[in-house]
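The task is simple: from the sequences and hints, build the whole structure.
2 protein chains.
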Amino acid sequence: MITAMNKEIIPDNWYNVVPDLPEPLAPPRDSKSDISSINLLNKILPKEVLKQEFTFKRYEKIPDEVMEAYEQIGRPTPLIRAKNLEKKLGYSGKIYYKYEGATATGSHKINTAIPQAYYAMKEGVKGVTTETGAGQWGSATALAASLYGLPSQIFMVKISFEQKPLRKTVMNLYNGNVVASPSTLTAYGRKILKEHPDTPGTLGIGISEAVEYALDNDYRYMVASVMNVSLTHQSVIGQETKKQLELIGEHADVLIGCVGGGSNFGGFTFPFIPDGDDTEIIATTANEVPKFSKGDYKYDLMDSAGILPQVRMYSLGADFVPPTIYAGGLRYHGASPSLSLLINKGRIKSDEVTEEEVKEALRTFANTQGIIAAPESGHAIASAIKYVKAHINEKKTIVVNVSGHGYLDLSIFGEKK
Amino acid sequence: MITAMNKEIIPDNWYNVVPDLPEPLAPPRDSKSDISSINLLNKILPKEVLKQEFTFKRYEKIPDEVMEAYEQIGRPTPLIRAKNLEKKLGYSGKIYYKYEGATATGSHKINTAIPQAYYAMKEGVKGVTTETGAGQWGSATALAASLYGLPSQIFMVKISFEQKPLRKTVMNLYNGNVVASPSTLTAYGRKILKEHPDTPGTLGIGISEAVEYALDNDYRYMVASVMNVSLTHQSVIGQETKKQLELIGEHADVLIGCVGGGSNFGGFTFPFIPDGDDTEIIATTANEVPKFSKGDYKYDLMDSAGILPQVRMYSLGADFVPPTIYAGGLRYHGASPSLSLLINKGRIKSDEVTEEEVKEALRTFANTQGIIAAPESGHAIASAIKYVKAHINEKKTIVVNVSGHGYLDLSIFGEKK
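Chains as they are written, first to last, in the working numbering: chain Y, 1 to 417; chain G, 1 to 417.
Errors might be hidden in some of the hints.
Same chains, same names: a pair is fine if it fits in one copy or spans any two.
[As the list claims (entries may be wrong)] Below, a list of computed lysine to aspartate or glutamate pairs in the DMTMM-like style, where the Cα atoms sit at most 20 Å apart: (1) K7 with D253; (2) K243 with E8; (3) K88 with D12; (4) K242 with D12; (5) K122 with D278; (6) K7 with E246; (7) K194 with E212; (8) K243 with E71; (9) K83 with E65; (10) K94 with D253; (11) K126 with E212; (12) K395 with D277; (13) K88 with E71; (14) K88 with E65; (15) K87 with D64; (16) K87 with D278; (17) K51 with E394; (18) K94 with E71; (19) K122 with E60; (20) K32 with E357; (21) K88 with D20; (22) K83 with E71; (23) K194 with E71; (24) K87 with E71; (25) K126 with D218; (26) K94 with E68; (27) K349 with D275.
Hints in this document: simulated from the structure, not taken from any laboratory.
Keep in mind it's a predicted model, so treat the numbers as computed, not measured.
Below, the structure written as structure tokens:
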């Protein structure tokens, strides 16, 4: 049982945008001819997660145990009016921010890690496994597994494992087992290590290792983003935001979020889709990863290794490598199929911001609102500031999703450009 | 105007324990014979802060602008039932934690920094200044000053300045000017640098520099802890906790907090004092800083340099140097006079925990509740776990103050003891 006050704000159901899309979603395709990557999903995902990935149902009841875990990790997260920022910008409209950095793991990732680990536990598996880059997803996976008494095996891209030792510390504090990938724990990892002993690792290698580890050890694979089920779980963000706005008598004229794979963005904005077109929705990417303006809308690999199925999405190509690494969570080459479709149909607009705009926005947000936001979330803030400056005389209500805090990314302010 | 929902929980007034103490508080004394340190306070503190330091009034109205700033930086902070921790400990009672780590600067320090900077701004001064050790207080000062458009000059103990560059980054993001102390900005700093060029610096040197800087530049000095006014401002913590408990129909049987100078502890527990004796209150220190068990209750210097007045308190001696530095905020040699009196009269009990117990408690709290608590707050959690184990069959409601998060202290888990 959660408290009455929280029950008023945390939704009872997850919202799935699929039935409300302007046209049916293109189905996933096998990535390789010799092995069915769609059949593979049957083996590596908990049954309930697989069901939710392909469902056409608009609502899915959140199990009581998951509801309670959401409350334990800090939900509902706050929706705060950024009065100091408004003043600094000389804006006569309103700016609100939803702060997912207030969750226990410091980002939105925990919202889908919890139900995935819960369903894995219910199905009696031995543990959960996944890959992680910068470590946000690995942290969420480790904590979620710990909450349900499951071990977790996390394959962390080797270069990040070496450069971000504190993320490893966090995962260890959450009872996670973390190895640098490629590792000696899998045949695939050992093969790569033999052929390329000095490789920095990639997310593709990490996914391959996690999938092999899941198959060999009766573990289940945890899905970070891109796939529909993760966006559905993240819908707690947008549903809470709607309820919080309703309680203070506000209506969102503009929603702005950042896009890596699309899970914080979809979770934040999709619950507003069935309400009609009077809320403007803006998806912001890094200037260096211009998936919506320069990517193609096509079938492409979800992961560079081609383990997971192909999906139809905006993509810069699965082998795309952006130039800088200051916002690790936004480096992904594509975007969730449902988000891609809504962009393609013009319901959601896109924006791009530069590293310089992001750093300036992070500084401004810190010295006005006090929040040290994650570099990824800094893109949403920078985009909101751009919007305000371009519409300074309009009195709109803008809501920005600040998807995580940046306490473990402070080093970006120490470097010279 | 703050929102109705928050107005229900954030108190309208600060609570001052002085009129409710079992006997009058011993007055402060000058520390040196040649200069009146009490007169000095008149010159370096905002008038309103000085008035609140020596008031006998039970309640002081929180100005609307401060109320609004409290909301902006994340008040009310959450009170969460630690169900996963209860389960892990096999406790049939209840454990709640109040989470001050959820404020924008990540600790309770901002609760008094805001009103002090506000009063300084109202009085038209040029800026604010203070000393900081690990950097938590400096961060709170910098943000509070930024919120009211004031510059801040922060003297950071040189060894910490060098060892904790990320804290400096945070202060800079909050518009704070930070220098290593001793610095060349003051005559006192230049003198020390000439005599001891390799000194690691001390809080005493930092205080001396900040006081000189305030006097020479029409700045005001910001008081971190120990002095009564800071505990009064921190009473928002305990008053919110009482209200939040009331809203869910709970009564606190036991309150546990950690003690450095006493501000988070006093702020959390003192609002329960006028309600009578049926709430047990426990003040926990580090085993290495046994001020209540091995200190004397006597007049002693507040700061090693003897700049500020002497007060009657439990003290290990102003030149006490604890052996380890893993919890910088608990290294202080004394404790606030009002807290010391309540300990001396037996109304508040004390406890001590070891570094090993603290690290274990931090791990347990992380992998059950997901919160990476500050090492200082880890002492309160460790003490609560000890209490539960010693009273495993009682069904009490225990409330712990988790005064800050530990994202910038993760390195303590990397070191070998």
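Which hint numbers doesn't this structure obey? 1, 3, 5, 16, 17, 20, 21, 23
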